[in-house]
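Model the placement of chains W and V on the given structure of chain D, informed by the hints.
Chains as they are written, first to last, in our numbering: chain D, 1 to 338; chain W, 1 to 130; chain V, 1 to 297.
Nothing false has been slipped in among the hints.
Heads up, simulated DSS-like pairs for lysine-lysine below, C-alpha to C-alpha not over 27 Å straight-line:
1) 247(V) - 267(V)
2) 125(V) - 104(V)
3) 56(W) - 257(V)
4) 267(V) - 56(W)
The set of hints was computed from the structure by calculation and includes no laboratory data.
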Amino acid sequence: MTRLTLMQFRLQALIALGGLAIIAVALAVTGPNLVHLYDTTVANCAANHDCSLATAALITNGDKFSIVLRVLVEVVPAIIGIFWGAPLVARELETETFRLAWTEVPRTRWIRVKLLVLTFVSMAVVGALSVMVTWWSSPLDRIRMTPFTSFDQRGVVVVGYAAFAFVLGVTAGVVTRRLLPAMAVTLGVFVAARLAIAHWVRPHLVAPSRLVVRDTVIATGSSAGTPDPRDWIISDQTINASGRVIGQFGSIGSSGSTAVTVGVHGLVIKGAGSCPDVHSQSSQAVQNCVDQLHLRELLIYQPISHFWELQWLEMAIFLGVTAILAGLCVWWVRNRLA
Amino acid sequence: MIEFQLDTTSGVATYLQLVQQVRQALQLGLLEPGDQLPTAQQVVAKLAINPNTVLKAYRDLEREGLVRPRPGLGTFIVGTLPRIDPLTQARLLASMTKWLETARAAGLGPDDMEAIYRMAWRNRFAEGAA
Amino acid sequence: MTVAIETTALSKRYGRKLALQDCTLDIPDGRVVGLVGPNGAGKSTLLHLAVGLLAPSSGAISVLGGRPGDADLLERVGFVAQDAPVYRGMTVSQHLRMGSFLSKRWDDSLAESRLDDLDLDLRQKAGSLSGGQKAQLALTMAIAKRPELLLLDEPVASLDPLARREFLQGLMEIVADNGTSVVLSSHQIGDVERVCDYLVILVASRVCLSGDVTDLLGSHHRLSGPRRDAASLPSDQVVIEESHTDKQSTFLVRTSKPIHDPAWTVKPVALEDLVLAYLAAPRPPKRAHAAGLRVVQ
Numbered sequence: 001m002t003r004l005t006l007m008q009f010r011l012q013a014l015i016a017l018g019g020l021a022i023i024a025v026a027l028a029v030t031g032p033n034l035v036h037l038y039d040t041t042v043a044n045c046a047a048n049h050d051c052s053l054a055t056a057a058l059i060t061n062g063d064k065f066s067i068v069l070r071v072l073v074e075v076v077p078a079i080i081g082i083f084w085g086a087p088l089v090a091r092e093l094e095t096e097t098f099r100l101a102w103t104e105v106p107r108t109r110w111i112r113v114k115l116l117v118l119t120f121v122s123m124a125v126v127g128a129l130s131v132m133v134t135w136w137s138s139p140l141d142r143i144r145m146t147p148f149t150s151f152d153q154r155g156v157v158v159v160g161y162a163a164f165a166f167v168l169g170v171t172a173g174v175v176t177r178r179l180l181p182a183m184a185v186t187l188g189v190f191v192a193a194r195l196a197i198a199h200w201v202r203p204h205l206v207a208p209s210r211l212v213v214r215d216t217v218i219a220t221g222s223s224a225g226t227p228d229p230r231d232w233i234i235s236d237q238t239i240n241a242s243g244r245v246i247g248q249f250g251s252i253g254s255s256g257s258t259a260v261t262v263g264v265h266g267l268v269i270k271g272a273g274s275c276p277d278v279h280s281q282s283s284q285a286v287q288n289c290v291d292q293l294h295l296r297e298l299l300i301y302q303p304i305s306h307f308w309e310l311q312w313l314e315m316a317i318f319l320g321v322t323a324i325l326a327g328l329c330v331w332w333v334r335n336r337l338a
Numbered sequence: 001m002i003e004f005q006l007d008t009t010s011g012v013a014t015y016l017q018l019v020q021q022v023r024q025a026l027q028l029g030l031l032e033p034g035d036q037l038p039t040a041q042q043v044v045a046k047l048a049i050n051p052n053t054v055l056k057a058y059r060d061l062e063r064e065g066l067v068r069p070r071p072g073l074g075t076f077i078v079g080t081l082p083r084i085d086p087l088t089q090a091r092l093l094a095s096m097t098k099w100l101e102t103a104r105a106a107g108l109g110p111d112d113m114e115a116i117y118r119m120a121w122r123n124r125f126a127e128g129a130a
Numbered sequence: 001m002t003v004a005i006e007t008t009a010l011s012k013r014y015g016r017k018l019a020l021q022d023c024t025l026d027i028p029d030g031r032v033v034g035l036v037g038p039n040g041a042g043k044s045t046l047l048h049l050a051v052g053l054l055a056p057s058s059g060a061i062s063v064l065g066g067r068p069g070d071a072d073l074l075e076r077v078g079f080v081a082q083d084a085p086v087y088r089g090m091t092v093s094q095h096l097r098m099g100s101f102l103s104k105r106w107d108d109s110l111a112e113s114r115l116d117d118l119d120l121d122l123r124q125k126a127g128s129l130s131g132g133q134k135a136q137l138a139l140t141m142a143i144a145k146r147p148e149l150l151l152l153d154e155p156v157a158s159l160d161p162l163a164r165r166e167f168l169q170g171l172m173e174i175v176a177d178n179g180t181s182v183v184l185s186s187h188q189i190g191d192v193e194r195v196c197d198y199l200v201i202l203v204a205s206r207v208c209l210s211g212d213v214t215d216l217l218g219s220h221h222r223l224s225g226p227r228r229d230a231a232s233l234p235s236d237q238v239v240i241e242e243s244h245t246d247k248q249s250t251f252l253v254r255t256s257k258p259i260h261d262p263a264w265t266v267k268p269v270a271l272e273d274l275v276l277a278y279l280a281a282p283r284p285p286k287r288a289h290a291a292g293l294r295v296v297q
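The shape of chain D in the complex, shown without the other chains:
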């Protein structure tokens, strides 16, 4: 049955290997340039005092391709779900070849082996892609200080997405019994699940850290104040003296999210109080009042040290859901397709 699975998969395997090969070549051709550029400009930039120039140059050099790669790594699991997963059972049902396959081998063995073998293949393909892209992007990653923005494309989660997308596709095909609806359902559910988990679950997979800092209205050009610039800030809220949230990002004033007025009672900051001795809306004045009223910023964030824990946990979630879907598939094939 394993041999049959691989034989029937030969075309898709060729396409996948071909695609990986093309990407590998493209990365091999452009990657060393980037590394070379990094080594010669950015590595020594501190000594030469031209870091901002060097990093900007590196980013300009690699940015376009880096965007392509990010899109690629995001899209490939979905493609696997739609083009490898959805047709697996749906096509057998539509072309009626299940009447041939499932009279040669029991249908439960058929689906179990196909699921097992091809899920691993999916994970391997996407894993290989992720490794290559991570290698190529490492110069850029080193200067960017925002590993969490590429959380979805680095590390081990991608492999979880691949397994989930594939088995989701197979399940959609089993339940809808027709290819096009299965493909549509796979795409929809995959995107929805990814977004939902990234937005609502990931921030809290590991208990985030909290930090209260002084609300600096004057922009200083550095990050909001977490210990490490690579930390992932989940929320940044302006709180008043009693801890109530009155705005976002600590921004006060005409362009900020907390309203400010000047009147008879002096400078009034909405939700916080008034500073009778402040009669101007200049940044200095506003900062004055902010300090007077003990306004602060509450930062909820995931420190960089949690990066890998979050990766493994999110992958575990997706793999867990994958296992449940696989079980559903086998049950459905055994009991609802007879």
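Structure of chains W and V alone, referenced to chain D:
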């Protein structure tokens, strides 16, 4: 080797047709003791009939003492039937043709002729063996 | 003699529709069994139940003494579905490889020599084969695993007369060589008459007749004689079909006893006429023994 034909319109059972064709071949001298009959596989590959039909026909012929199966080798003719001497056959054919022409001229159709034949056969042979 | 297919009050329901009801059969092995009946009578359903593609709604079925769909039973049973589905993108030889991967008893030389005799190109994609060639490929795959039982669902329905004849020739050769039991469903009563020695007639999802062809032909007679009522016939003679003119009556009866009444001209019934009579008979009345037309259940 004899090649069997099948007439699906005759109303005669298939196995009987096979038996009749072997007997006719024996009578006409087309088959002699020692000749091999086609295997069931060969017959069904050509006629697309059930192999049991062939085996049934061969069993009937064996019961009549005309053939005998030799395991692993095939089914062989072992008996004979009174030959129809070709001269006699020609004479009978001629007188039959004349009779048919007479009947036709008298206005008889094929069914009428057959009815007369059966009546005559019954009258002459009904008490005796076939 | 062992049993090829045994069913007890087998039923299959789709929503409100009964595809097969109360089917009780005892099909012996070593036969070529014809499954006849109009479209929608339940022939496909019965075959699919026998091979495990469908599960019974109620009742029981056992094939070669085992449960349909079990791994070891699938090894012993070959199945060809209607219109012989094949994988369009796979070549003929890849189909054979598939068979060898999945069957422990796969006979590669048998498969290849059969395809060779049939002039099928091993490297041709199955999607470009003609209907007859697909049927032959599917049959080859089924027989190369050396099954004890072959189940064929209208294998020749969409074939032209030559392809049909060639298919049956090949099938009969397989039966002659291996003693394989065959159950095939068909519309073509002429084909059934040629190759089958056991018959099952399905009408409106019920079995209305089953038995050895020789026994069936021996127990059915066409009686013609002066006009009389069906009710006046002895009770052991079950009337399947009747027709009357003002002076004459003709009955097709089923009986196990000899017919002595000198008023009758008794003639044998051809298999085709027998089958047609059962197919045409109206559904049985609710009461078990109504006077007049009584149809065997």
